[in-house]
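Trainee: Residue numbers (my numbering), protein chains in the order written: chain U, 7 to 571; chain A, 4 to 224.
FYI, nobody ran anything at the bench for these hints, they're computed from the structure.
Be careful, since some hints might not be right.
As the list claims (entries may be wrong) - Pairs of lysine-lysine, BS3-like flavour, derived with a Cα cap of 25 Å:
1) U:Lys257 to A:Lys56
2) U:Lys257 to A:Lys121
3) A:Lys121 to A:Lys56
4) A:Lys89 to A:Lys193
5) U:Lys443 to U:Lys515
6) U:Lys361 to U:Lys303
Residue strings, one per chain:
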Amino acid sequence: METAGSQSYLSTHTSSRWNRGLLSWFMSTDHKRIGIMYGFTMFSFFGLAVCLGLLIKLQKLFPGSSGWEIIPPEMYGATFTLHAVIMIFLFIIPGAPAVLGNFMLPLQIGAKDVAFPRVNLLSFWLYCFGAIMAVVGILLGAADTGWTFTPPYSINTRSISIFGGDFDSISWMLTAVFILGWGTILTGINFIVTIHRMRAKGMTLFRMPLFTWSIYAASWIQVLATPVVGISLIMIVLERVMPIGFFDPTKGGDPILFQHLFWIYSHPAVYVMILPSMGLVSEIIPTNSQKPIFGYKSIAIASCSIAGVGYLIWAHHMFTTGMSDTASIIFSFLTFFVAIPTAIKVFNWLATLYKASITLTPGMLFALGFIFNFSIGGLTGMFLGSLSTDIHLHDTDFIVAHFHYTMFGGAAFGLIGGIYHYFPKMFGKMYSMKWAKASFAFMFVGFNSLFIPMFVLGFYGMPRRYQTYPDMPIFNHFQMASTIGSWILGIGVVLLLTTWIRALLSGEKTSEMNPWNSSTLEWQTATPPTLYNFEEEVEITRHPYDYETFREEVKKGTSIGATNE
Amino acid sequence: MSEQALPIEAFHHHDEEGTRLGFWLFLFTELLLFGAFFIIYSVYRSSYLGDFKLAAESLNTTIGTVNTIILLSSSLTMVLSLDAIKRGASGLSKTFLLFTIALGTAFLVIKGFEWAAKFDHHLFLQTSNGIAAGKGSPLLNPGAEMLPPGQVLFFGLYFIMTGIHALHIIIGAVWMLIVYAWTARGSINKDNYGVLERCGLYWHLVDVIWIFLFPLYYLVA
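Extracted from the complex, chain A is given alone in its bound form:
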């Protein structure tokens, strides 16, 4: 065993199509993950139809629409970034990537203001310790002002589903920063843009999920 041992990576051939297949499967599991939420949503919507409509009215459709437009535009800039790198224009690709990150951040900021407004109206999720301490919100604290169960479920699902969606946006944005750095370094280029492509696919998935969240929470009223 005197000779230099070959690192195992030496025979790892890079199979772009296989990687893409694997990534699509991963995206599918993400879809199923949200699918469980959509099932829960539809079950409770059918049993608390009136409450869901009332609660949905308290959400601001204008803000929701603005956010939808922002996210859809970010998908466009993502595609443009991929298109630029395919043509070899890595500078342009980086610019579009920055646009995409900026739009994603804008979405999060607007979402944050929206959540803050809900908190101002005492609509927030609360830990059981907080309830025990008497720091009640009308959403959850038993008392005269407590909302009916259907609305509690609506807001519970709203915060958790948009929360997990926001988490995905953050992951996507961080990933784009990495892709940006790699493009700047030159390891993502005209001939090797698989990572950027997969990052784009992930971003579109996050986008598509919002396309479903938006009507379910904002437009049903």
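Okay, chain U solo, but in the shape it has when bound:
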């Protein structure tokens, strides 16, 4: 007899009280539904922030003397702050763990849900609440501190509401980030406990898929780093309300201290963004190469050591603040050190591709794009990590290009590739391959033509966060190239979102369990997964990427998960 648990999670309600409509989603403690809700919210914000980014680039099309003005100077700061706050706090920090981590982590380790399903839902609510607060706050008050909230400017500046009168937009935003932070801490705790306590029989730590490993490393960073920044941001709020002077030099405080506290979190946070995407790439590449990933253990350990070393290099954001030379040299050394585990991963992926039978699925294209972009982002990071070049390149467009290569070209490409990879499993629908590949082509070409010119601009001294620039050929030409690149990228993003929406609305239905022939556990169950993920107790008997055994299992019809009797 068919039980409720054997129905697709999309058609079955998960709680007896709210069983249909939007509430059956918004009140659901099912990890799969929560993951999808994160996905919809995050990519809506992503679309909004992309539009702001396009506006910023449009402003840079002509120099100020041409009289061409899209964003007035007083609004320019608010525009890039809104772009950054949305992209960082609402899109890329929740990122892959929130969407695919929630959806795939229990499936990958053979669990029925995460350890604390209700806390998981609470995390999502906190995310929604914080997101609304941040966007309302920044839209009403036009805060222009940048996403780093560096004092004393963030303490002293007063923003004016668009409705006139005082509106303390910065305090709103800071409180919102604090709330978002608690959401990610709870998610982190949830994932750590899930991985430690809920693995299926036979799923030893070194039989876990690499995406799970990367989520594990990222979760530790979230738990260990977020509280520190949370309380520092709250201190800025307190200082705005009660001028004590913790970080205000005119009152005896030390603004550099805030920068230390801020980057103690915000540097490890970049690994929260990138590690899960690396994990996704480590899933996509062996699947589409149909062979075991090269150096499984070294990738797993590299994830953890990136998380560990990443914790010790925050002050490389602060080489120009006048901190001690000894500290600068140590932080510079450690910055170079973190490149080692990162490079190990890249070489392992490339070695996996060697002599493989590669299928260029959209997911694979984005994964390869990830490797290309992330290598550029990582190597330019080495320029910035060395003390003397950093003095020249600090606060220029070079930095902007560098972190977009790691965050957008890296983290976001990995996430998008992951969603293409898992899309048929998640929804039981297939997207149009042609459209998906076109979206990759436009995004890849557009992204690179947008940001490569910015490396050059930065090198020639174009400061970041400036609304305008002098009318000089070197600036004009590269700014124009960059703006044209932004249009190509914009087309790519539109294509991407339409491909997904079209697939959801009218995509070809599929119940194929394993469309890409992947050997990991999450594919060995129904499509879309049933409410309880697996019909029977799962027992793992082999390595996740053991393709030889996997092919034999497929022949015999006994692949792990054993859901297809």
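Knowing the structure of chain U, use the given hints to seat chain A on it.
Mentor: Quick look at chain A alone, frame taken from chain U:
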């Protein structure tokens, strides 16, 4: 889809050890949260050593000691409450829980008097609007009587750190009231006392933080 759908809770197995692991991680984040304050404190203490000593002298060590004893005793009654429920004596457990709540409240009352005394000496945090209106306190209002920056930072940290600590005490006390109600209802009992145990862990954490606050603010003079 005619049959009664199973609520998702049906397969949520209860994993006491996993819950404990998660709760310890949560306690660790609380510790890090205060850790940031301790860093800020030590940075400013090293740059304004004299001011910090002078300002600390104005705090009443006797009251601080009394409060420390109160809070430590409350940790004892908390442990006794947990011990009672483990032996099945839920009535005794409830009594000790009430003692713990009473001691926590006593701590807050004493802390309140202490703050009030500081306010009487015009040592209080003030909003920027108040300063603009000329309702100055010597702590913050620029003027002849204004304290040196080191002391302003000391009192600023003092009020905010003890304030956030007091907030944790309030949360702990409310949680204990809930635990009390659940014990009375019987849902916390000899075989199922995980909630009481976690509440106790939280209370001990709040206690331990005070053990650090006390010497940093009262004994350094």
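Trainee: Run every hint past the structure and note whether it holds.
Mentor: Hints and how they fare:
{"no.": "1", "hint": "U:Lys257 to A:Lys56", "verdict": "holds, 19 Å"}
{"no.": "2", "hint": "U:Lys257 to A:Lys121", "verdict": "holds, 21 Å"}
{"no.": "3", "hint": "A:Lys121 to A:Lys56", "verdict": "holds, 17 Å"}
{"no.": "4", "hint": "A:Lys89 to A:Lys193", "verdict": "holds, 5 Å"}
{"no.": "5", "hint": "U:Lys443 to U:Lys515", "verdict": "holds, 20 Å"}
{"no.": "6", "hint": "U:Lys361 to U:Lys303", "verdict": "holds, 21 Å"}
Every hint, counting from the list given before, is met by this structure.
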